Structure formats: structure tokens, C-alpha cells
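Could you put the whole structure together from the sequences, leaning on the hints where they help?
Line order of the protein sequences matches chains A and B.
Mapping of the first sequence onto this note's numbering: residues 1 to 425, in sequence order.
Mapping of the second sequence onto this note's numbering: residues 1 to 425, in sequence order.
Note that these hints are calculated values from the structure, not bench results.
One should not assume that every hint holds.
Pairs involving identical chains hold if they fit within one copy or between any two copies, as the list cannot separate such chains.
[Stated by the list, open to error] Okay, derived cross-link-like pairs now, PhoX-like style, lysine-lysine, Cα gap no bigger than 25 Å in a straight line: (1) Lys402 x Lys360; (2) Lys402 x Lys290; (3) Lys89 x Lys294; (4) Lys294 x Lys87; (5) Lys294 x Lys352.
In this text the structure is predicted, and so the values were computed from the model without any measurement.
Spelled out from the first residue to the last, the chains are:
2 protein chains.
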Amino acid sequence: MRSRQPSSAPAGRLLYAQSGGVTAVINASAAGVIATARAHGVTVYAARNGILGALREDLIDTSKETAATIAALAHTPGGAFGSCRYKLKSLDDNRAEYTRLIDVLRAHDIRWFLYNGGNDSADTALKISQLGRTMGYDIRCIGVPKTVDNDLAVTDCCPGFGSVAKYTAISTREASLDVASMAETSTKVFILEVMGRHAGWIAAAAGLAGSAPDDAPHVILFPERAFDERAFLDRVKATVERVGWCTVVASEGVRNAAGEFLAEAGTRDAFGHSQLGGVAPVLAALVRDKLGYKYHWAVPDYLQRSARHIASRVDAEQAYAVGKAAVEYALAGMNAVMPVIVRTSDSPYRWKVDAAALSKIANREKKMPAGFLSKDGFGITAAARRYLAPLIRGEAPLPYGKDGLPVYVQLKNRAVQKKLADFQV
Amino acid sequence: MRSRQPSSAPAGRLLYAQSGGVTAVINASAAGVIATARAHGVTVYAARNGILGALREDLIDTSKETAATIAALAHTPGGAFGSCRYKLKSLDDNRAEYTRLIDVLRAHDIRWFLYNGGNDSADTALKISQLGRTMGYDIRCIGVPKTVDNDLAVTDCCPGFGSVAKYTAISTREASLDVASMAETSTKVFILEVMGRHAGWIAAAAGLAGSAPDDAPHVILFPERAFDERAFLDRVKATVERVGWCTVVASEGVRNAAGEFLAEAGTRDAFGHSQLGGVAPVLAALVRDKLGYKYHWAVPDYLQRSARHIASRVDAEQAYAVGKAAVEYALAGMNAVMPVIVRTSDSPYRWKVDAAALSKIANREKKMPAGFLSKDGFGITAAARRYLAPLIRGEAPLPYGKDGLPVYVQLKNRAVQKKLADFQV
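Have a look at this one:
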């Protein structure tokens, strides 16, 4: 079903695609895009599996979905149209892909392209935004921010991060209550590994689980600080001796002084990033061998970034808002920008959406300010708390079925009739 | 604060202790015990860290807690008084401990002892229930069921299980939405390791995440079936080729044909059980080496059994109900029994609490009926669904603070004045 078009509906279609690792709220951005475009009488096509779908002319007609489905999409985790890790090469390196992309855009009268992703995706969006100048096809391209890593430049925070931050803080608090109960005769050291390849934002969010000096987490390990085995073991030992047990939260990207990941799986993803996972068992073995404490470790992996059931309301609202703003920017004729979150007040927390140039975001990575890490490197400062605290506030309730499971929506994802010959990517 | 005692309040105190691994709802049982005893004018002492506190005369006076605190205790995960893994030896092997226990019970006029735990704890409770006969101290001992493993005999299900089952089903569904979005260019096989040392109940619960043939989870690995590497790899490969990706849920207790755990950490806990953890990375390496698929794996570990934020309402209600019943049985003069859950109807789901002899529960382990596993051993049957489905039904909402975190209670845990000399355990 398609909403009624105002008589002033602009000509052309809008293409939306999801890119990179998905989040608990990326579909809230999709819902914001689709509902806003509908309100302007513009049809949204979605590329199946991100930019790959655009190259393959594998497009989805979102006008086949009801308004109720799009509303439910806003609380469904994962990427409803499929995502991908695929980075467009430069124009000089792969002109064929750009030519193909233009063929597809032209064949389907696509005038606006919205690319929902992280810093790699902002780079792709930037290249596409330049097609008018470089290839003579006039397209408006808007980035839509998304990443659990919270490492995009310019924006105050990234949609997707607040929810994984909330998941991490709650999980740290809950698991620590468990450990505290058992420490006398069982586990004394609990190690929770969280995502964050090069920036310790998620690990830092675990710090919100406690506020008193001996509250969990007692030790946080950040990628921003080289791992010091001696200092780590001393801190764990002192904590167990004082508190009775110790909760450690470790970023997957923890590295030694030589810059090597503590847990290097040895494989690389399509962007050339190392595929990590498994710093928790490495630390656990260290605790066992050097301190002799009984330990447990957890690696929630995808659970943390898909846990829509415990999403942050602030995060869900921001994710929707950037989707909405992206459409408004596109229809207003803007190009090569991304709607970002601007914080106007810490307390009470206030934010707004503003436009930032993609060129300032593409391929950059925001690390935590040095002032967010405590002097010893094992905790967060008051400044970090002021920044992080608002992002996990508010619950974003879900409908649950009689079966006790959240009601997540499954889209029809009806394909748009192809008009071109096949293209291999 | 102590509630007003009815004039008919029975003489003596009630001692409550938590034992073994804690759960998201064991404190709901504690709240049921305390609130019910108060209503009967009976004071509840809690042993700090389970039976150890009873032996050490390290007792907590719960009458120092307000009614509001006890109400909040019902939604706080972990074990509020501390738990332990400590098995009393037989009377012949350690008469000194039994003598000490009687000294402590007598010194504090304890007439009823409630022990909240699994099958090892039921054995301890049974030994204590016999103190009248074996040692001449008249005590009524009631077991209170608790274990995420759902492996207690007699009872239809175990308080603690429904909530971890719900966590597992929801996490499987959420993470699978993530994997499905990314499979085209990234992770094709996702492996979730869940608890369950010798019985695959939690792994089976993951099966509730899907209902259609190609819904996740696609492969479940149970401790009840010997791991067949060839059949496993064939099934994963066929799933990836047909569906595009594959979610595997593996019980920590999966064993090979020789009966060896796939992930043997080599350490043992106080009961002599192997300490497991890490079958997921073992399976992931197999998938990588033999099939070459990109994989991710997750081990939620304590997160799964402490996730009160996503507890099952049925489970929380049953946990409270067995605590309440245990007090009623004790005050009625019953001994050596445990309140168990009796299912009176599958659909609509109906249950009641009834008394079962501890001797029928101690040291036994309930495995899944063979009829619950599909013929190929990789899934659950309709009979398993009928059994499992009601246990994850209903949400058990929590109060959240302005900080976005659940409001969990911290008890005062005021110590009872000691009357005896120290005793080393």
C-alpha cells in the first residue's frame, strides 16, 4: 500500500541502502526514511544487500509494504533489506562499477540515494555524491549514520551505539550480581568481551553499570591503551582481595605494547579489517595461569548489537530522526552530507539533528578523548559519564506475542522488475 | 523492620540458604519465603553463602529489611545472600560438620531449614532433614527447587529455567536477524553456545525462536546425542546453500562418540564437575577449516542466567510460588520434601505446586525425553514445543531508573550476633 501522493510530489525515486554491520536500530532509520518519503509522495526503493543490490539492479519496492509494517520495522533489529561489506574502489580503479551504477539509477529514475552506514560507507556515499561532477549523472547522495562502534567523526554519537551501550551496562550489572553471589566458592574473576575494534566506546559504556569505587566493572580494558599484563594482573588481584571478586570488561580490540591484538584470529574482512573475537579467553587463561583464580568469560558478540529488546529510547529516537532528516535534506536538494547528532546540553540532555559534510566523515575514525579514560587506564572519568549517561536513557518497549517473544516484522521485500542485463559483482 | 506477628506465631526461626549456580529468579523464591514467613509471624535468617554460612554461624537477619526491599528482591537477579558450591559429606565421613550445624541451629532456635538449589543441594537438604533421626535434633528441612539446567527430577520444570529459555530464544532470534542481513558478504555461520552440562534443555529452548523449517536455529547440538562431525558439517553446508546462512545453537555439554566434551577446560568445580566453556570456538574452527565459511560465535555465559531484564513471567511466578509453598510446608510440619511444579494442562497452560519427597530428587538428573529430539538429532519435536512453549510466556517488567538501568535492590544483610566459637570450613 502506498500513501497518497501530494500533488506537488517531486519526480523521481529515492534509493535507500544499508551497509556494514547492522544494529538494533538501523531499521528505525529505515522506517524514518520510508515514512518521511511517503509523506512527501516519494517512492523508496531499497537495494538488497546494500550497494551490491544497486550494482546488480536487485531492488526492492518498499511501497508494497503497509504503513503498519513500516511502523513495526522501527522496532525490528538487523537490516531488513540486507547489508553488505563492500567498498567501491576509486573511479580510476573501477570505472565499470560506476558506469553500471549510473545505468541502474537512470533506468529506475533514481534521483536521491541514501546510504546508511559507518565511515567506510560514508566514503562510498561521498563517491556517489560526486557522480554528477565525475560522470555526468545528477544524483543527490546523503549518508545516514549508523555504527555500534560510535567512531564516526563530527556527530556527537552514532545511532546504534546507545543501544549496545545500554545492553553492555545492564549485562555487566546483572552478571556481576551473579558473580558476587558465587565468589566465595566459585568464580572470582568474570571477563566480558565487548565489540569495538579500534575505539573503546562500548567498553567505556560498561562503566555506567557502577558508580561507587568498588562497583563492577572493576577493570575496563580499552584499545586506546596498550595492555600492560603486570598492571592488569595486579589490579585484578587487588580487587579480588578487597572486594572478593572482580569483573573485567575488555574491548575486542585490546592490543599489547607492540600494537598486536591480544586475540588475533588471523582472518580479514572485505574492508581489510582483522576479524577479531576471543580476547576474553586469552585474558581468562592469564588470570588462571598467573593468579590461579577460578574464572568465567562471556563473549556476547552479535547478541549485543541485535538486542532490540533492551534498546535505548534515546538511541531509537535518534536513529529514526536521522532517517527522517536524510530524506528532508535529499528532497531539499542537498548533496554529500550526513545528518548528525548535535548535543546542545548535557543536563538536561538535549540534542538536534544537523547536516555535516560527508568529506569530514568518510574514512575517519573518532577515538575516545584522552580525558575519558582514568589515569590508570582501567576506568572512565566523570567527563566520560557525562557524555555516555544520556545515551542509554529510556526504554523503547516492544510488542510481545503470546508466545513470549518480541514481535519482529518480516518484510515482503518485493523485487522491482529488472530493466537491464545482468552485471557480475 | 519486622512485620507484626500474629498472636499464634509459632516459636522458633526459619533459616533460608541459596546453593549452587544462581538464576535470574532465585531471589523471587527468597522473596516468597520471607514474605510468607513474615505473614506467619516467623523470622527468617539467611545463611551467608549457602550452607557455608550455616556452618560458620554467618547468619543474616532478614527482618532488618523493609517490605519494599523484599518486594524489590523478587525482581533482582543473582543470589542476594550469597550462594556456594559445597556438598556436605555423608554423616560417616564428616560427623564434625553435622555436629556443628546442629550447634548453630540450636543456638539460634532454628526449627525450619529451607535450602534453595539443584539436585546436589537436594541431597544436602535430605541429609539435614534426617538430623532428627541421625543426630537427635528435630529440624524440618524443605528443598526449594532452582536450576537453569531444568534437570531436577519429579518437578515438571525448574524455576530459573524459563527465564534462561526465554533469553536464549530471544537472543537466537535477534542475532539471526543480524546474521541474515550480513550473510551475502560476511558471516554465514553463527554459533551460539548455551549452558547445560549434561542435559540439553536450554539448547532445546532456542528452538522456540523459529517455527518454519528454514527459521533459525537451523542446527541444535545436544549433550544427549554424540557429536557426529560429518553429519554436522553436512547439515551446516546444506543450510548455507539453501538459506544463505546458518545459526547453530550448541550446548556447552556436547560430547563426541567417545563421551569426551568437545570443550574440556580441564578444571573441575567443588562437586567434581568439569568446568566447561568454549565449545563454540571449537565448532567455529571446524566450520572454517572444513567448510571455509566466515563465522561468528557467542558465549553469553553468566549473562544468560542473570538476565532478569528479560525474565519469563511464568518462571518468575513459579519461583515465588515455590518459596511461598516451602514455608507453608515447613510450618505445617512437613519434612524432607520439595515443592515442585505440576503441570495440569498444556493448553491452556495450567500448573500448581505440590510436595515431592527429596529422596526422589537428590542426586538425580532429568534428561530430555528421547521424543523431544528430532530424528536427525539437530532439532526439537512438536512434543518438545508443547512442553517448552508455556515456560517462556509473559514478560516480567522491571522498574528502570532515570539512568536507563534496571533498579535492582541491595540488601543490608545485617549479621546476626554470633553465639558460638569459630569453626573452620
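For each hint, the structure was consulted:
| no. | hint | verdict |
| --- | --- | --- |
| 1 | Lys402 x Lys360 | neither (48 Å within a copy, 34 Å between copies) |
| 2 | Lys402 x Lys290 | neither (50 Å within a copy, 41 Å between copies) |
| 3 | Lys89 x Lys294 | between (49 Å within a copy, 23 Å between copies) |
| 4 | Lys294 x Lys87 | between (44 Å within a copy, 18 Å between copies) |
| 5 | Lys294 x Lys352 | neither (47 Å within a copy, 39 Å between copies) |
Consistency note: the structure conflicts with the earlier hints numbered 1, 2 and 5.
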